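Modelling step: build the complete structure from the supplied sequences, incorporating the hints.
4 protein chains.
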Amino acid sequence: MSEQQDFLRQTVEHLDIKQVNVVPLIEMMGKTAFQARNLARAAEIFDEMVNDTDCGVILTLAGSMVSAGQREVILDLLRANAVDAIVSTGANIVDQDFFEALGYRHYQGDIFANDDQLRRLHIDRIYDTYINEDELRVTDDTTRVIADSLAPGAYSSREFIREMGRYLVENGLGEGSIVRTAYELDIPIFVPAFSDCSAGFGLVAHQVANPDAHVSIDSAKDFRELTELKVKHGKTGLFMLGGGVPKNFVQDVVVSAEFLGYEDIEMHAYAVQLTVADERDGALSGSTLKEANSWGKVSLAREQMVYGEMTVTFPLIAGYVWHKRNWEKRTPRRWAKLIDGKFPVKVAQ
Amino acid sequence: MSEQQDFLRQTVEHLDIKQVNVVPLIEMMGKTAFQARNLARAAEIFDEMVNDTDCGVILTLAGSMVSAGQREVILDLLRANAVDAIVSTGANIVDQDFFEALGYRHYQGDIFANDDQLRRLHIDRIYDTYINEDELRVTDDTTRVIADSLAPGAYSSREFIREMGRYLVENGLGEGSIVRTAYELDIPIFVPAFSDCSAGFGLVAHQVANPDAHVSIDSAKDFRELTELKVKHGKTGLFMLGGGVPKNFVQDVVVSAEFLGYEDIEMHAYAVQLTVADERDGALSGSTLKEANSWGKVSLAREQMVYGEMTVTFPLIAGYVWHKRNWEKRTPRRWAKLIDGKFPVKVAQ
Amino acid sequence: MSEQQDFLRQTVEHLDIKQVNVVPLIEMMGKTAFQARNLARAAEIFDEMVNDTDCGVILTLAGSMVSAGQREVILDLLRANAVDAIVSTGANIVDQDFFEALGYRHYQGDIFANDDQLRRLHIDRIYDTYINEDELRVTDDTTRVIADSLAPGAYSSREFIREMGRYLVENGLGEGSIVRTAYELDIPIFVPAFSDCSAGFGLVAHQVANPDAHVSIDSAKDFRELTELKVKHGKTGLFMLGGGVPKNFVQDVVVSAEFLGYEDIEMHAYAVQLTVADERDGALSGSTLKEANSWGKVSLAREQMVYGEMTVTFPLIAGYVWHKRNWEKRTPRRWAKLIDGKFPVKVAQ
Amino acid sequence: MSEQQDFLRQTVEHLDIKQVNVVPLIEMMGKTAFQARNLARAAEIFDEMVNDTDCGVILTLAGSMVSAGQREVILDLLRANAVDAIVSTGANIVDQDFFEALGYRHYQGDIFANDDQLRRLHIDRIYDTYINEDELRVTDDTTRVIADSLAPGAYSSREFIREMGRYLVENGLGEGSIVRTAYELDIPIFVPAFSDCSAGFGLVAHQVANPDAHVSIDSAKDFRELTELKVKHGKTGLFMLGGGVPKNFVQDVVVSAEFLGYEDIEMHAYAVQLTVADERDGALSGSTLKEANSWGKVSLAREQMVYGEMTVTFPLIAGYVWHKRNWEKRTPRRWAKLIDGKFPVKVAQ
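Protein chains in written order, with the numbering used here: chain A, 1374 to 1722; chain B, 1374 to 1722; chain C, 1374 to 1722; chain D, 1374 to 1722.
These are computed hints drawn from the structure, not numbers from a lab.
Please read these numbers as outputs of a predicted model, since none were measured by experiment.
Any given hint could be a false lead.
Note that identical chains are pooled: a pair holds if it fits in a single copy or bridges any two copies.
Unchecked claim - Listed next, the in silico BS3-like pairs over lysine-lysine satisfying Cα-Cα at most 27 Å (straight line):
no.: 1; residue 1: Lys-1404; residue 2: Lys-1715
no.: 2; residue 1: Lys-1608; residue 2: Lys-1697
no.: 3; residue 1: Lys-1715; residue 2: Lys-1608
no.: 4; residue 1: Lys-1605; residue 2: Lys-1702
no.: 5; residue 1: Lys-1391; residue 2: Lys-1404
no.: 6; residue 1: Lys-1697; residue 2: Lys-1391
no.: 7; residue 1: Lys-1663; residue 2: Lys-1404
no.: 8; residue 1: Lys-1404; residue 2: Lys-1697
no.: 9; residue 1: Lys-1391; residue 2: Lys-1715
no.: 10; residue 1: Lys-1710; residue 2: Lys-1404
no.: 11; residue 1: Lys-1663; residue 2: Lys-1702
no.: 12; residue 1: Lys-1663; residue 2: Lys-1608
no.: 13; residue 1: Lys-1605; residue 2: Lys-1715
Here you go:
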């Protein structure tokens, strides 16, 4: 299929924040106005979270960040112990990161491409990026293989993704992927809408082939586990790339803990969101963090929205925090080991 | 808590599309330009879907449509048999529709409210709308009660929502709610990220209280069931309110069916999306339906994006279709009865 | 050039708000949320302006409203005496309305057209609309002819546009155009950036051909005349379609009057803006009307922004006001006759 | 007015692109996707313009860039001879740059401020920035003083702004302002809607006080002068910050030259626009540069839109070009001296 290869020539390369010290630039932005100032304030708040060694930091991922060359930025945060848990869409974790872990790449494409032609060539388009659809089918199928290898039962997405990490290690694959690195560092990854991605295809195929006893993905278990982390750990901060289910899910964990009867659950002490979404349609993705305060989810003290497309804003903010090096004080929190399904005795009862 | 009541005075009232015949207005819009023309074309395409009695129509819901007074618009489409299945966020179905079914209401609020004060008064804010948080906690708890009443095991969100409909009928509640009406008309409702809403709180409490044997929400099962509908029914059209997980989920079902080995699965023959999201950030919510064609999900022939906030665009489009009355040819499809977990023999093998 | 004609087949037709009574629809929208509620409140405020016979109503036009089929909506407001002055971009008034007054039309086009091909065919594109470039050159040239016919000197854009109206009447052209109707009703039209349109080409040609004595367009005179109206009339309200120079210009008139030493100049008592612009970039087009209050330009009491594309929101709001018929109390204000360059004695000195 | 001073404490400081070499960062962005890639491509195209010593570079300014700390970025481009002419809104040049040249400053403010209180304290707000309104009135009045000092007649905005530069030099003010630097470097500044800013107040006062013989601002003359530059110079490139009148004006100059009968006028050979505006409303500010090609204004070869708020994107792009140092080959073009109102003999006639 050589015509396909004509389109799949120029790979997306992951940006490396370590190469340019943007700290003086961000500090100057903090003295200006509009979104540059918001961006600088968000960078400071993220740095405060990291500098606050009591604070568990949760990163949320929406949009298409890995295919857009942001994988290494995320990895640098993981390796710096600047992130203790991830809540993501399936696209970033499975279709994009696990896909690259299997040895595949994303390609630079053209937003004016003829989509009908792309479809005939088995090329999937994400705005200006191309994916080899045949390679994506292999990814789907790998999730099926992993599901087939597990004992039947209800798994959280976190447990399943942990098995994906193990699969990579055992097969000598995916060095430098998010899934494998998180596995090795015991950083839990939650994908609350886990079927809504490449893994969904593999899991449906697994269940259809095994109608009586099979792997289920229990989204309530995901929420239970994240609530468990909140209850056991206490102080938390959020660094949110985009909105969607990950934003809502991670904010709701405060309410979930209260609903279980725990009193004095702290709201998220720090919260930053990068987005292009607008609050004026009333949807969650663009809703302000002040609005989240009315729900008792996010403290008003240290919160900042940054309006801008994330391939530009994320490396600037992450780069600021990386080059400030306050993360050097942190040690791996290994939250994946903290989850055992046992909730502590409630303080208040 | 009388101070709370000072804020909760003016209820949101659901808009009734039956009262104004907008057909001539939409027809005139079709002769103009920009989004008025796109809106008119989207209305025509939705009407074609409805007029095509072979076509199964799937409605997706994101954002906060029920709290924003759009419940009756959705209901009028259900009662007209113009919608055969719903894929939604949890917020619309549980926190908002089921909440109202229990007898509660949404209130008109103020975007400049002091969120810290609202929090202290147990008032949750969605942009310009208020919710009594104590009533929301009752809603959460009702989902716990329903979970407690079910046999342990893995349920699709659809199955659980069906039980919510049954609960309403059995308790004489929720006349005129989406959950109850869909239950009565056998219209399946899928919420692929089911824990990401009020039901999540109830389910976590249920699981914590029943650590050994409990209800799980299997998101793979949801995807399997929707795939089953696609395989069994064939021709489909999409009417998408917003993006998010529902948009992705329902589009992916074409690929899922192919991945199971079914050949000649039709792409969605018609597709309309209402959104304010922009394609330029590469995220799925704003991605064009032409891009979806590259993935083999949506046919290019009859697709239209409409850029506009949905409380304005949805009643206009739904009103056009309602007053065209082509839905009078349709009979209830009762897709909930079509789902039995058994996939037909593959044509191609 | 028959290939050109292949593209110029389907004319844009102007929408007629008189045909559908949207009052009940807008009233229902007012009981919902988000932009539907904002739209309804904006419609009410515009209706209050019209109902307040002391209030001079100024309409501002940005974007491309006339080419987009909104000319008749504007005309219905003019004929109803619901608008006492217009401040516009040149595109709406010259390139689009005067162009149509000369007998030309806009055509429905395709946003995916090959722009290079269009250029070769002398077709100009505005998003999904086509213009015959040769006809636009005739329009440019007609403004040159009008300039050539005038005595040399400095004219306000208002004075020049009045001459354009006279030209249409004298040549039996442009029945039902904005320029001619405003001329006949003595409604002044200001275009503060008058060279930034088709007229600019004609005026440059006029000046190049008449280097020593020619027509100038004095933008300070425009501002002086509008200030004169504000000083002489008093109470004013704004109905703003889009932002840009017209929004800024008309708001500034309050400050201009104060700067001349008039005390007790009222801020604009009512203000409505329709826009898709966002406040987060700090630019004027999306800046809130609350921000305008800090400048002393707009009263906070009755102001409303509506976020939505104007081909959808404008006919709904104008239709509401038209069908409420409060304009029947109004008589033509004939503001064009009020302008004589003489400012009244200052009250305070 | 000490309460006023409580709000006016933290000055906006102008960002200095010289301090951080962003070239490696931008190069990495060029290998990713979405807007980071567009930003990198735009930076490359701007660098090509600068590197092309035949190319006259025109910078357009909309929004509020100077108050937002971007003055020094613009100045560094002027001093590097990377910009040969400026087309701007009045706000940037008069209300903000000339204002600072008179010794005043902008202050960091709060978007949630009480605008009514600000108004009473004579503080004007631009999103998150404050201005002392009394200082702004001095600025207005200074333009009146300058107008009073000139011989009556019709001036282009460029001529008037040149007088503002002269005023600064003669009064020993405004070292490091755009107006003064451009004056000293003979870089023409055009403000096509010149009354739509602080200068408008001064000019109206000047005309009211001198009803018979006064300074006029002839916007047609501006357009004529810019057309003259295009005709005399030939190859041009555009670097556009935002849209609005400056974008339209500078693009139209190609058509204007053709309309005068010059044949073989080159379209703008390079064009970059930074904006948050969206094309879907059909307005000029967000219209694509491909659309501009249909009008024969912009070549398709080297054009790029960058979607993002400009306080973030502008310093990155300008910093890239500055640190690439291709501007070292350029010498001052001193276009202000090229304008004499005499058009060359037409080639084709």
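For each hint, the structure was consulted:
no.	hint	in the structure
1	Lys-1404 - Lys-1715	neither (48 Å within a copy, 46 Å between copies)
2	Lys-1608 - Lys-1697	within (22 Å within a copy, 45 Å between copies)
3	Lys-1715 - Lys-1608	within (19 Å within a copy, 47 Å between copies)
4	Lys-1605 - Lys-1702	within (22 Å within a copy, 58 Å between copies)
5	Lys-1391 - Lys-1404	both (24 Å within a copy, 16 Å between copies)
6	Lys-1697 - Lys-1391	both (11 Å within a copy, 21 Å between copies)
7	Lys-1663 - Lys-1404	both (23 Å within a copy, 24 Å between copies)
8	Lys-1404 - Lys-1697	both (18 Å within a copy, 25 Å between copies)
9	Lys-1391 - Lys-1715	neither (40 Å within a copy, 53 Å between copies)
10	Lys-1710 - Lys-1404	neither (42 Å within a copy, 37 Å between copies)
11	Lys-1663 - Lys-1702	neither (30 Å within a copy, 45 Å between copies)
12	Lys-1663 - Lys-1608	within (19 Å within a copy, 37 Å between copies)
13	Lys-1605 - Lys-1715	within (10 Å within a copy, 43 Å between copies)
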